[in-house]
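Position chains B and C with the ligand against the provided structure of chain A, taking the given hints into account.
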Amino acid sequence: MVANIKDKAVIAGVANTKFSKDSGVSELSLAAQAIKGACDDAGIHPSEIDGMATFTMDTNDEIEVARALGCGGLTFWGRSHYGGGAATGSLHQAVMAVSTGMAECVAVFRALNGRSGHRFSSGVSGAITTADAIHWGWYMPYGLLTPASWVAMFTQRWMKLTGISKDAFYEVAHATREYAVNNPNAAFYGRSFDRAEYDAARKIADPLQLFDCCQETDGGSAIIVTTPERARDMKKPGVAVRGIAQASAPDQEQMTSFYREEFAAIPEMEIAAKNVYEMSGLTPDDVDAAVIYDAFSPIVLWQIEAWNFCGFGESGDFVLDGALRPGGRLPCNTHGGQLSEAYIHGVNGIVEATRLVRGESLNQPKKNIEHALVTSGVGIPTGGAILGKLD
Amino acid sequence: MTPEEQKAFEDKIYAFKGRKVCEATPAKDPVNATMIRHWAEAMGDTNPAYTNTEWAEKSARGKTIAPPAMLYVWNQQGITAASERASNAQSELVQLFNDYGFTGVLGTNVKQEYFKEAAPGDQVFMEMVIDNISERKNTARGAGYFHETVATFSNQSGEKLGTQSFRVLKFIPQDQPAAAAADDARLEVPTRIPSPRGHDNGWWWEAVDKGKVMIQRCSNCQTLRHPPRPMCGECQSMEWDSVESKLDGEVLSHTELHHPKIPGYQYPLVCAVIKLGEGTNIVSNVVGCEPSDVHIGMRVKGKVEQVDEKNMLPQFYPA
Amino acid sequence: MSDYKTLRFADVNLGDKLPALEIPITAALVVGGALATRDYEPVHHDKSAAQAAGLPDVFMNILTSQGLMTRFATDWSGPEAVVKSLDIKLGAPNLPGMVMTVTGEVTALDKSNGVVDVAVQGENNIWGMHMQGTVQLALPEAG
Ligand SMILES: [Zn+2]
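So the sequences go chain by chain: A, B and C. To convert, count from 1 in the first sequence and add 76; that's the numbering used here. To convert, count from 1 in the second sequence and add 1173; that's the numbering used here. To convert, count from 1 in the third sequence and add 2; that's the numbering used here.
One chain only, chain A, in its complex shape (with noise of 0.2 Å):
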């Protein structure tokens, strides 16, 4: 059991910058941005900020951060590590500063120019020897070295030990473009697409094809962490983190841990969502709406048992049901998700999640949602957290 530390910590504000396919300013104009709006829905001034916590592939310093903001000074920074799979990594970093007081309002952020700049998509290469090369040398000579085709390579084992088909995929790219068409923010806005186009779509890596695929983006997002007593003197309800987790697996590697027994399994975020719902004391019926990190389509599915929505093998037949829609089981990835909205490493999920127990989602269900999901990168450490209502 890990340590309790369900509601210490509260989300008191959040933001998303425009995002777009070439911002024309820096990263760190990204983050000084995204921070600054959540200081705004928050109410607070960036100089209350005392903590900051990112990913290790951001490239903005915290203390430029903390100058551009005009914060003064800082008692706490920790990053997390494994690409998207420090989404909730970050914000765990602030729960944990946060509940422990070592801060107390921690401003969790990432930016990047993920279009303009650096791309995922162009691949990893061998410039240099350092232990991450060394990792993808195993996969670099054979040409699989970019993130779609090591998902594609789980994605193609795990369709044939489940049989859960195309279909599915489709109704996960789809729904989720389906909230896209309405977010004025989103890089598909008004963009909606049918199954034709869809199987007539870019082959990407098998059985990937483009709508399976999340875009890549110029664009920063920020929450502002504290605790629940500052959180109930500022601007809007606070949204307390129920739990979080962050878990890595034996054997696990960073996108290609194709050494295990059964490989075609997510045994991470097994053990996230297991030490989620026992430090929250909730279970799968509680949550009322997600965001799951969807970089690829497939990858919601095996979230989607991870977190024992349905068991293996099942949630091709839960999301064909209608579950991830508007009106349905658990309305999912209702920004727009990464696959429609933006690829800001699922911290824009986090923006979500927090707007959907306030209530503010642009695609908000009709029912009350008390608690949402949301989770990080998957093929990598990973972890989730759940988010409710401050009581």
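Hints listed in this document are in silico derivations from the structure and should not be mistaken for laboratory results. Every value quoted in this text rests on a predicted model; they were computed, and no experiment measured them. Glycine included, every Cβ here is placed at the ideal spot set by N, Cα and C. One should not assume that every hint holds.
Some residues of chain B that are not near chain C, with every Cβ distance over 10 Å (derived) [claimed, not checked]:
1) F1182
2) A1197
3) A1215
4) A1233
5) A1242
6) G1280
7) E1286
8) V1381
9) R1390
10) P1403
11) E1423
12) P1464
From the structure, some residues in chain A lie toward chain B, with a derived Cβ separation under 8 Å [said to hold, decoys possible]:
13) G199
14) G213
15) G219
16) S225
17) K236
18) K279
Then chains B and C with the ligand, alone, in the frame of chain A:
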């Protein structure tokens, strides 16, 4: 360029939208068998409709025709030095781009529609307008603008032969890898990206260079492990040796890579996770069959091969 | 006449694959193709001009790519087919020493006018996709 300068520049280039490059102008030569033959020989095109008079006379057309893809060729200026050519809206636009540093040029799309086949003796007239100029785009080549010309082709009787729209990117050239390759004045053929070699994996790749695929084995508890790492996860021993794999395997999963195509790799390209007879898994390529024939459970046999100028790699074939 | 067969519209099915064509890119093809299409841009025949433009060697001009794409389609259809349109998107340059493999597939059939859409792609073995696009061919009716 400041935003103001960019605005001023864009005002200038957008003024070219809709301007005529040329009125209907006749080609220097009528459609003729000689140029058609030169074209067909260069393209390796043996279509008798172009060059076999005997066949063509008996065919439904009753005569030879010009290859449709020659439509634009008839009106080409040829070797005439650019300086001797009359200036027109297109050359003025190009000059304007060049003056502002957009010296790179790249044809990106051409669409031709053919309404009537041209035959020897026909005179081809071409009329062209600048149809569209895009907003500023950041492309892989550099920042630039796409512009599109539309040409209409007709014959001596005024019948429309076809149309062409041609999209060109004018861009500010960036340093390209290709430019670096040009320095040593020879074609540097890209190769696969090799693994970097460090303490824990260098020995494995050196064995591959010698044609062998090894599997690391704990000297203490005999557990096999791959990829290599410094300590045995079972007994924490740091002593190890290795065994050579027989490379008998079974495909556990596979994917055909379509996009992006990385320079140095030959497509179609299939990657697979393969369970070796010795019990460890390895990622490699499956070759020697159609990508669609690769399946989970497929038996494969590997061998170490020279895959390009620089790399030796294990490759697996259908067993 | 019997040496040259032309496919009839009824012979063709959606998804039919065209026989792949491997074209070795030689300096003769690049330069010869440029001159046969009256394209005297120096980058297509003068190596130093190509290098000044950032490429290691002379490269194929667009009109040659267009010619090769229609050749590929009519090699398959036979000489009585009428080429209706050619829509081509250009990618990586073709340079001497490379080999371009051209493949194609029937992607649409219009019964009303006998027109067949063939999606074509030409990939070279070094830099990948050189050209992709669609050739539309009108095929004769049965008989
Ligand atoms: Zn051992």
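Okay, the hints, checked on the actual structure:
Chain C leaves F1182 of chain B outside its interface by the beta-carbon criterion, the shortest separation being 23 Å against a cut-off of 10 Å. Taking the minimum C-beta to C-beta distance to chain C, about 19 Å, the non-interface status of A1197 of chain B holds against the 10 Å cut. A beta-carbon of chain C is positioned within 10 Å of the beta-carbon of A1215 of chain B; the least distance is around 4 Å. A cut-off of 10 Å between C-beta atoms contradicts the statement that A1233 of chain B is not in contact with chain C; the least separation is 6 Å.
A beta-carbon of chain C is positioned within 10 Å of the beta-carbon of A1242 of chain B; the least distance is around 4 Å. Distance check for G1280 of chain B against chain C: the nearest CB is about 5 Å away, which does not clear 10 Å, and the non-interface claim fails. Interface exclusion of E1286 of chain B from chain C breaks down, the closest Cβ pair being 4 Å apart, not more than 10 Å. For V1381 of chain B, the shortest C-beta to C-beta distance to chain C comes to about 23 Å, beyond the 10 Å cut-off, and the non-interface label holds.
Interface exclusion of R1390 of chain B from chain C stands, the closest Cβ pair being 39 Å apart, more than 10 Å. Every C-beta of chain C lies more than 10 Å from that of P1403 of chain B, the closest at about 38 Å, which supports listing it as non-interface. Every CB of chain C is more than 10 Å from the CB of E1423 of chain B (nearest about 30 Å), matching its label as outside the interface. For P1464 of chain B, the non-interface assignment is confirmed: its Cβ lies about 13 Å from the closest Cβ of chain C, beyond the 10 Å cut-off.
Here the hint on G199 of chain A is kept, as its CB sits about 6 Å from the closest CB of chain B, short of 8 Å. With its C-beta approaching chain B no nearer than about 3 Å, G213 of chain A sits inside the 8 Å limit, and its interface hint holds. Taken as an interface hint, G219 of chain A checks out: its beta carbon lies about 4 Å from the nearest beta carbon of chain B, inside 8 Å. Because the beta carbon of S225 of chain A sits about 6 Å from the nearest beta carbon in chain B, less than 8 Å, this interface hint is met.
Hint status for K236 of chain A relative to chain B: holds, with the closest Cβ pair at about 5 Å, below 8 Å. Hint status for K279 of chain A: holds, given a least beta-carbon distance of 4 Å to chain B, under 8 Å.
The earlier numbered hints that this structure contradicts are 3, 4, 5, 6 and 7.
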